[in-house]
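> In case you want the letters, here they are:
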Amino acid sequence: MNAVLPTRILVVDDDEAFRDSVRAAIVPHAGLVLEAQAGSLAEARDVIARQAFDVALVDLGLPDGNGIDLIRELARTSPETDVMVVTVFGDEAHVLASIEAGATGYLLKRSLDDTLAATVRELRAGGSPISPVIARQLLQRFKRPGGPADAPAGGVATPPAVPVDDGGLSERERQVLQYIAKGFTVGEIADMLHLSAHTVATHVKHIYRKLAVHTRTEAVFEAGRMGLL
Amino acid sequence: MGLRHAFRAALAALAIWAMGPTAAHAAPEPGGVQVIDSAEFCRRTGDVTPGDDCEWKTVPLAHEWRGERTEPTNDGWFRLRFHLDAVPARPLGVYIVGFNRSGRLLVDGQPLVELGAMHEPLPLNWNRAQYATIPPALLHAGDNTLEVQQRVYGWEAGWLSPVRIGPEDVLQPVYERRHFWQNDVVRVFGAATFAIGLFMLGVWLGRRDQSMYFWFGLATLVWSAISLDYFALAPPLPALLWERVIILLQALRGLTMYVFILRYAGRRSPVIESLIWLYFAVGAAGVFLRWLPGVFIPAWFLVSLLVSPYFYWILVREAFRQDVAEGVMFAIAGGAQIGLSAYDLWMFSQSGWTDRIYLAHYSEALYLIVVGWGLMRRFIDSLNAYEKLAGVLEQRVDEKAQELGRNVEALVEARRNEALARERTRIMSEMHDGIGSQLTMALSLVRETPGEGGRVAEVLRESIEDLQLIIDSLEPVENDLLTVLGTLRYRLLERLGKSGIALQWNVVDLPPLPMLTPQSVLSILRILQEAFANCIKHSGARTIVVSTELAGKAGVDETARIRIVDDGKGFDAPPSPIDAPATPRSATVAAAVARRGRGLDNMRRRAQALGARLDIMSTPGRTEVILAIPTLRPAPASGSGLRPDPGIAAGGPPNGGVRSET
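Protein chains in written order, with the numbering used here: chain A, 2 to 230; chain B, 7 to 668.
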């Protein structure tokens, strides 16, 4: 798939040692090339303005600002770039915020050597990683009003922080999220739903995109309501 | 001319028109009673019995007479003769069915009795029979004379019905029976209707918008005033005024009843009611001002009588609409009223006096009591309905209050969760950007440093893993134990893959477990991580099977169970020959065994702190670790399927599909 053109990668992180280890992880893989590095938000903006990338690895804690802003800018200016947020723990708070901003993947810092290449390839092929907790949170976000799924026991349902309608989440996508939330792997889900593992991973990426679109729509709605637009 | 007389004449005319003329009767009397139906009559005012100089003439009884209109009172004298074969041993009774208004009886010139005061105000005797006893001493064998002095007002007529004379024990019971029905019963009915009328007015005072109660109360009170005329000896007003008031009250009773009926049926009509009061005003003027000819009053009454069927029809129809039983009762009472009125009309039309008594006022009382009962029932029904409604309202208020309470609780819970989430995010950020990043950096530095970094790297890696576990325990899992398990699996996926161990995920849905707080999730994660670590590091297993199940009874001892089974060599496996104590490696092995023992102790301790139970069964080739966590769910309502759904929520395929996998 990427035999002809190598995947151009940008890494944005203020930790030089980390950037080095990214390089080290990329070097053995012919299809990947570390095109540029940035140690700050300003540097990153500079680089993005001059050059296009296939994948951007973005750390959230940058010395001159929040990586979320960079992710949002990238999603707007170069939608063809896949953004992966680099996190220490892959926790739901960081990952979901990034996905809402437009990221479609995430990477654990400490398992870089083992997973970077595979995750980047999968992402370029259209599949995104996901954890059970994130799947459960996504189900909450896309909760059908009054729907049976995930309704807490005991009657009065406290509305989720961001109550939305199904937002176009398909039945299949919902199913995938439900399985993942219960600890099933992409491969197992693929077998149960008679799909390829790749297709299941693609569903996840679509869901991420829907969440981002939904969040943007809602921001516009909110802004309009507050008289900002 | 007496007004009542005119009224009666009108009724009689109507009855004759309706039924044709009827012959007067003269029935023979039993028990030695003589009926005297003719007398000599002369008119002279004064208490001295007139002599032959008065113009005596023979008249049939009953006889009606008039005096001078200009005089305040007039006296008339009747002389009745009766024959006795012998002087009786016991007193004789004298029974007079009709007598107006006051007077005296004399036997053979001897005063016998006064039938009421002989001076102003004269008693009200028109509807009262008279009875007297004649002692034997006043009588003699042969012809005897009974003289009757009658005193009436100048504006009215006097009358005397046929007079019966006979044994006391025959006549007195007849008189008493008549007095009971003619006067006493009316008195009782009058009192009853008076009470009903007051009650209705009281209801109306409390409910001014329900004017039908007012009109019915008024009609009832008017009736009880009229009934005075039937039983009272002395009217509450001067005699002539009373006569006029009675005439108007008779009309008023009908008219107020008509107004009531209109409102009862919800057919309030200003036009009809105006006509009714105009009609009444004309009649009142006619009665008091006397500027209209004498035929006016009868004509005036006839109008009211002729329209009455219309209103009865409305009343009965409305009652039927409300309730069949009420309709039947109203129809019977109204029918009795009409029937007995017709009977009275017929009686009025008779020329002679009989023992019969007027009955319409009994049906009138019955009619008022029945309608009043209907109204009272309606009143009570509305009270009951109100109470029921109040009960329902109270219940609704309770429900609302409970709902409000739940909402407040939910709100408080949401606030609390929000605060927790904020704090969690803050701690996460600290760990992520602070210690987490530093540890990660340290790990990568150590890895790059050649030499004896291996042990340090191991410690750093374990630190990061433990930190990861703490972070994971803080993640929102929505009380789903499967998500907790799934998270652990997600973290271990890479290590499992490297170690070449196949994992089977045979989980089924579990009910939400409210006990899954970050603290208990951390304990569960540590217990399970230890179990997995044992499998991966020491057991040499090729396959691990993770399954969940629900056991026990909800509300009693229900537990959610996590079962981890591996096919490794087990904890109790004896050391292999090369691991024999004598060899240099033995210390390491012993240390490993000791460490593993400590690990198991830790797992048990954590499980105990959770209130859960940990069972470990280990044989070579199969080690089973079961963590049973109480669900603490209340007992299910009967019939609801609370066993875990074998499939995935919202229509996923059953997990059998997973079981078959390897």
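Keep in mind that a hint or two might mislead.
Claimed, not checked - Mimicking DMTMM-like on lysine to aspartate or glutamate, the simulated pairs with C-alpha atoms at most 25 Å apart in a straight line are:
{"#": "1", "chain 1": "B", "residue 1": "504", "chain 2": "A", "residue 2": "192"}
{"#": "2", "chain 1": "A", "residue 1": "211", "chain 2": "A", "residue 2": "189"}
{"#": "3", "chain 1": "B", "residue 1": "504", "chain 2": "B", "residue 2": "555"}
{"#": "4", "chain 1": "B", "residue 1": "504", "chain 2": "A", "residue 2": "174"}
{"#": "5", "chain 1": "B", "residue 1": "543", "chain 2": "A", "residue 2": "123"}
{"#": "6", "chain 1": "B", "residue 1": "543", "chain 2": "B", "residue 2": "484"}
{"#": "7", "chain 1": "A", "residue 1": "206", "chain 2": "B", "residue 2": "46"}
{"#": "8", "chain 1": "A", "residue 1": "206", "chain 2": "B", "residue 2": "484"}
{"#": "9", "chain 1": "A", "residue 1": "206", "chain 2": "A", "residue 2": "70"}
{"#": "10", "chain 1": "A", "residue 1": "206", "chain 2": "A", "residue 2": "189"}
{"#": "11", "chain 1": "B", "residue 1": "575", "chain 2": "B", "residue 2": "563"}
{"#": "12", "chain 1": "A", "residue 1": "206", "chain 2": "A", "residue 2": "174"}
{"#": "13", "chain 1": "A", "residue 1": "206", "chain 2": "A", "residue 2": "115"}
{"#": "14", "chain 1": "B", "residue 1": "575", "chain 2": "B", "residue 2": "500"}
{"#": "15", "chain 1": "A", "residue 1": "211", "chain 2": "B", "residue 2": "400"}
{"#": "16", "chain 1": "B", "residue 1": "394", "chain 2": "A", "residue 2": "123"}
{"#": "17", "chain 1": "B", "residue 1": "543", "chain 2": "A", "residue 2": "219"}
{"#": "18", "chain 1": "B", "residue 1": "504", "chain 2": "A", "residue 2": "70"}
{"#": "19", "chain 1": "B", "residue 1": "575", "chain 2": "B", "residue 2": "515"}
{"#": "20", "chain 1": "B", "residue 1": "504", "chain 2": "A", "residue 2": "123"}
Said to hold, decoys possible - Simulated DEER-style distance windows between Cβ atoms:
{"#": "21", "chain 1": "A", "residue 1": "81", "chain 2": "B", "residue 2": "562", "range": "51 to 61 Å"}
{"#": "22", "chain 1": "B", "residue 1": "393", "chain 2": "A", "residue 2": "173", "range": "18 to 28 Å"}
{"#": "23", "chain 1": "A", "residue 1": "116", "chain 2": "B", "residue 2": "404", "range": "51 to 61 Å"}
{"#": "24", "chain 1": "B", "residue 1": "451", "chain 2": "A", "residue 2": "173", "range": "27 to 37 Å"}
{"#": "25", "chain 1": "B", "residue 1": "619", "chain 2": "A", "residue 2": "31", "range": "48 to 58 Å"}
{"#": "26", "chain 1": "B", "residue 1": "451", "chain 2": "A", "residue 2": "78", "range": "28 to 38 Å"}
{"#": "27", "chain 1": "A", "residue 1": "81", "chain 2": "B", "residue 2": "440", "range": "30 to 40 Å"}
Keep in mind that the hints were calculated from the coordinates and are not lab data.
We treat Cβ as the ideally placed atom computed from N, Cα and C, and that holds for glycine.
> Indicate, hint by hint, whether the structure satisfies it.
Each hint tested on the structure:
1. B:504 with A:192: holds, 22 Å
2. A:211 with A:189: holds, 24 Å
3. B:504 with B:555: Judged against 25 Å, a Cα distance of about 29 Å means the pair is violated.
4. B:504 with A:174: violated, 30 Å
5. B:543 with A:123: violated, 30 Å
6. B:543 with B:484: The given pair, whose Cα atoms are some 32 Å apart, is violated under the 25 Å limit.
7. A:206 with B:46: Judged against 25 Å, a Cα distance of about 132 Å means the pair is violated.
8. A:206 with B:484: holds, 23 Å
9. A:206 with A:70: holds, 20 Å
10. A:206 with A:189: Satisfied, since the Cα-Cα distance of roughly 18 Å is no more than 25 Å.
11. B:575 with B:563: violated, 33 Å
12. A:206 with A:174: holds, 10 Å
13. A:206 with A:115: holds, 21 Å
14. B:575 with B:500: Status holds; Cα separation ~23 Å.
15. A:211 with B:400: violated, 48 Å
16. B:394 with A:123: violated, 69 Å
17. B:543 with A:219: violated, 49 Å
18. B:504 with A:70: With a Cα-Cα distance of about 37 Å, the restraint between residue 504 (chain B) and residue 70 (chain A) is violated, given a limit of 25 Å.
19. B:575 with B:515: With a Cα-Cα distance of about 30 Å, the restraint between residue 575 (chain B) and residue 515 (chain B) is violated, given a limit of 25 Å.
20. B:504 with A:123: holds, 19 Å
21. A:81 with B:562: 51 to 61 Å: holds, 59 Å
22. B:393 with A:173: 18 to 28 Å: Violated - the Cβ-Cβ distance for residue 393 (chain B) and residue 173 (chain A), about 58 Å, lies outside 18 to 28 Å.
23. A:116 with B:404: 51 to 61 Å: Check passed, 58 Å falls within 51 to 61 Å.
24. B:451 with A:173: 27 to 37 Å: About 45 Å separates the Cβ atoms of residue 451 (chain B) and residue 173 (chain A), which means 27 to 37 Å is violated.
25. B:619 with A:31: 48 to 58 Å: At roughly 54 Å between Cβ atoms, residue 31 (chain A) and residue 619 (chain B) fall inside 48 to 58 Å, so the hint holds.
26. B:451 with A:78: 28 to 38 Å: With Cβ atoms ~35 Å apart, the hint holds.
27. A:81 with B:440: 30 to 40 Å: About 35 Å separates the Cβ atoms of residue 81 (chain A) and residue 440 (chain B), which means 30 to 40 Å holds.
Checked against the numbered hints given earlier, this structure breaks hints 3, 4, 5, 6, 7, 11, 15, 16, 17, 18, 19, 22 and 24; the rest are met.
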